[in-house]
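Hey, can you work out the whole structure from these sequences and the hints?
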Amino acid sequence: MTRIDEKETITKQNIEKQNNEIQKPKIRETVLQARNLHKKYKGFALSVPQLSLPKGFATALIGENGAGKTTLLNILTGIRLDYKGEISYFDRQETGISGEVQEQIGYTGPGCYFLPQWTIRQVEEVSGLLFANFHQDRYRAICEELGIGGSGMDVTKQVKSLSDGNRMKLMLAAVLARDTRLLILDEPASPLDPLMRDRLCDMIREYLEQGDGEKTVFFSTHNIADMENVTDYAIILEHGNIVEEGFVEDLKEKYVLVKGETADAEQAGKILFTMNRSAYGFEGICLAQNLDGLAGMDVSLETPSLSQISVAVMKANTKLAKRA
Amino acid sequence: MVCRMKKRIKSYLVFTGLWYRIVVYLLAPLAMVGLGLWMEANVQSGTGLILVAVLLPPVEIISDNGLFGGIQTKDSLRLEFLKTSGRGMDVLKSALRMDLLRKFLSALGILALCRLAAGLAGRWTAKGAGAPEGMVSASGMGILLYFVLLSYFVSTLGTFLSRFGDMLWINLLVGYGAMFFTAFGLILLNLADYILVIDILLAILGMGISALAVRVAMKRVERSYYDK
Amino acid sequence: MKLLQNSGIPIYQQIAEQLRMDILAGRLKEGEYLPSIRGLAKDLRISVITTMKAYEQLAEEGLVTAVQGKGFYVNAQDSQMLKEQHLRKVEEALLEAVSAARIAGMTGQELQDILCTLLDMEEDQGNER
Chain X
1 MTRIDEKETI TKQNIEKQNN EIQKPKIRET VLQARNLHKK YKGFALSVPQ
51 LSLPKGFATA LIGENGAGKT TLLNILTGIR LDYKGEISYF DRQETGISGE
101 VQEQIGYTGP GCYFLPQWTI RQVEEVSGLL FANFHQDRYR AICEELGIGG
151 SGMDVTKQVK SLSDGNRMKL MLAAVLARDT RLLILDEPAS PLDPLMRDRL
201 CDMIREYLEQ GDGEKTVFFS THNIADMENV TDYAIILEHG NIVEEGFVED
251 LKEKYVLVKG ETADAEQAGK ILFTMNRSAY GFEGICLAQN LDGLAGMDVS
301 LETPSLSQIS VAVMKANTKL AKRA
Chain V
325 MVCRMKKRIK SYLVFTGLWY RIVVYLLAPL AMVGLGLWME ANVQSGTGLI
375 LVAVLLPPVE IISDNGLFGG IQTKDSLRLE FLKTSGRGMD VLKSALRMDL
425 LRKFLSALGI LALCRLAAGL AGRWTAKGAG APEGMVSASG MGILLYFVLL
475 SYFVSTLGTF LSRFGDMLWI NLLVGYGAMF FTAFGLILLN LADYILVIDI
525 LLAILGMGIS ALAVRVAMKR VERSYYDK
Chain C
553 MKLLQNSGIP IYQQIAEQLR MDILAGRLKE GEYLPSIRGL AKDLRISVIT
603 TMKAYEQLAE EGLVTAVQGK GFYVNAQDSQ MLKEQHLRKV EEALLEAVSA
653 ARIAGMTGQE LQDILCTLLD MEEDQGNER
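Residue numbers (this note's numbering), protein chains in the order written: chain X, 1 to 324; chain V, 325 to 552; chain C, 553 to 681.
Source of the hints: derived by calculation from the structure; they are not laboratory data.
One should not assume that every hint holds.
Straight-line Cα separation of at most 25 Å, DSS-like style, residue types lysine-lysine; simulated pairs [unchecked claim]:
no., chain 1, residue 1, chain 2, residue 2
1, X, Lys40, V, Lys543
2, V, Lys330, X, Lys40
3, V, Lys334, X, Lys157
4, X, Lys157, V, Lys543
5, X, Lys55, C, Lys622
6, V, Lys417, X, Lys160
7, V, Lys398, X, Lys84
8, X, Lys315, X, Lys40
9, X, Lys55, V, Lys331
10, X, Lys42, V, Lys331
11, X, Lys26, C, Lys581
12, X, Lys160, V, Lys398
This is the structure we're talking about:
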């Protein structure tokens, strides 16, 4: 029993050590700051010593299923209050969630969001009751544009009879019909078809443009490829810990995609951050600062995509946890 | 004041689906008033009133499954959308309260119609006997109120109990039990001399159970903020 | 603006390059504001940080200046520097032509002839217009 405990501490230390290596990027203006967030479940703990969201940008929360993304977003949105830690929103003095803060935040989530028996029209009515800054006409226009009620725009359609994709669109309509300063979207892309995912990215960019630096989007995803062109800042969450974060352009300079011949694989493996080997050669992600170690090898270097970086970081951390 | 009431009614209506409205506001009252009138006219004066008073609670209890069914269960209606607003819990509270008010008004309206019919039936059967017995007298009103308060109390108690589950059969079972409970409560009619005392007692019980029902439902939903 | 996703050149560099050309060619005039960062990101359907990085690069080069809360405006371009920039471009292009000619085994004279012919052709076209 004691031995297992020891092992676990080693794992944690290792991960923490890895964490410390991440330089917290400098963010000029934040829209939200959290300190020492902790939430424990059976066999899982979310632990975020410090979290800042850059104001005026789209930030992606990347992580595997079960990494704690939904828990973190629920805490930030105020639909979950059982946590330790401090959160400050916007430029407010007092910390914590409040009705005033919630008025400025638009949240969509994968859980039991709307009541299943609500109709499209009733969602409009509830929204009007719940939020002072809800615009009925805008809601209707978005519903119409996204074709939520079908071609005839049937507003008596119930939430439970909508497809997952349409339910997501309805949430977006309800949220975008309000004047908000921060959108928190939990897995907005997953239920959408490719065409609509594209539209979602446009909608996020439009929202950011409207705000002209004042509006911020924070969304989670486990499939970053679809959202890459709309991600400014990335936070990678693994087993309840932030294992990497930064502005995407900076991350793309921090990591390099390396491809090389089988002959060098053994040697390169010691230097690369993560590596995949095949019969024809190897491919991996290298920290830019370690590139010197590859001198003399016949390798090609490329700028990695955010999803390649994310996968590498997640893999490296999973390996680390397993090794210990 | 008017504005606030309007908002409360809106809050309540937002939780009611189309079929719920059709059944509870239209079909059920029509059926019960119709049945009451028919019994009064064709069977015996007073029977319609009794039958409707007994039928009201199960109708309320069973239909509640489509409104707040399961709100007091462990994993509650999560109602995330409500929780994303600072006003969410107020909206829910208003809805729960307005639902109780509506239950009371339904019982009052339906039973008053039946009582009126009972009175008229009395006149028909005893032609020329002057004002039907008990129609406007204090004890007559007391008896009507007794029916209303009894059926409201049993309805509210029944919905409260059945909200601890979200399965329809629970509502059916509780509704079935409520019928007997009400019938049993009607035995108190024998104490007609003390009807005012009984009315006051029932009113207190009714208010008590109403307050409890709102409180427990709110507590349960608020607890879902804390994952307990 | 044309952006190539898989050219190997980072998107921000492509944006910076095209804006640089516009500025140096005078299509974007002194004092004129560049499109807003988020507006351009929306129009090009790329992330805000990418456009921002492009703008910041131009600012570093001294081509534009950032104004807090207002955006980026085009600086006065030093005509000497402009000329040099253009000259460098010409040299680059000619060098490329020279190396291509070497591969093709052409002599210097032949290369000059081609250049003369091209110049003539261009002149003719200009006259027709």
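Verification of the hints:
1. For the suggested pair X/Lys40 and V/Lys543, the alpha carbons sit about 23 Å apart, so the restraint of at most 25 Å is met.
2. Proposed proximity of V/Lys330 and X/Lys40 is contradicted: the alpha carbons are some 43 Å apart, above 25 Å.
3. Between V/Lys334 and X/Lys157 the CA atoms are separated by roughly 19 Å; this keeps the pair inside 25 Å, and the hint holds.
4. The suggested pairing of X/Lys157 with V/Lys543 is violated, with an alpha-carbon distance near 31 Å, which exceeds 25 Å.
5. Pair hint X/Lys55 plus C/Lys622 holds up; C-alpha atoms about 16 Å apart against a cutoff of 25 Å.
6. For the given pair, V/Lys417 sits about 24 Å from X/Lys160 by alpha-carbon distance, which is consistent with the 25 Å threshold.
7. The suggested pairing of V/Lys398 with X/Lys84 holds, with an alpha-carbon distance near 23 Å, which does not exceed 25 Å.
8. Under the criterion of a C-alpha separation no larger than 25 Å, the hint pairing X/Lys315 with X/Lys40 is consistent with the structure, at around 24 Å.
9. A C-alpha spacing of about 35 Å is found between X/Lys55 and V/Lys331, which places the hinted pair above 25 Å, so the restraint is violated.
10. Of the supplied pair hints, the one linking X/Lys42 and V/Lys331 is violated, its CA atoms being roughly 42 Å apart against a limit of 25 Å.
11. A distance of roughly 33 Å separates the Cα atoms of X/Lys26 and C/Lys581; the hinted pair therefore is violated under the 25 Å criterion.
12. In summary, the hint linking X/Lys160 to V/Lys398 is supported, as the alpha carbons are separated by about 22 Å, within the 25 Å threshold.
Taken one by one, the earlier hints fail for this structure at numbers 2, 4, 9, 10 and 11, listed in ascending order.
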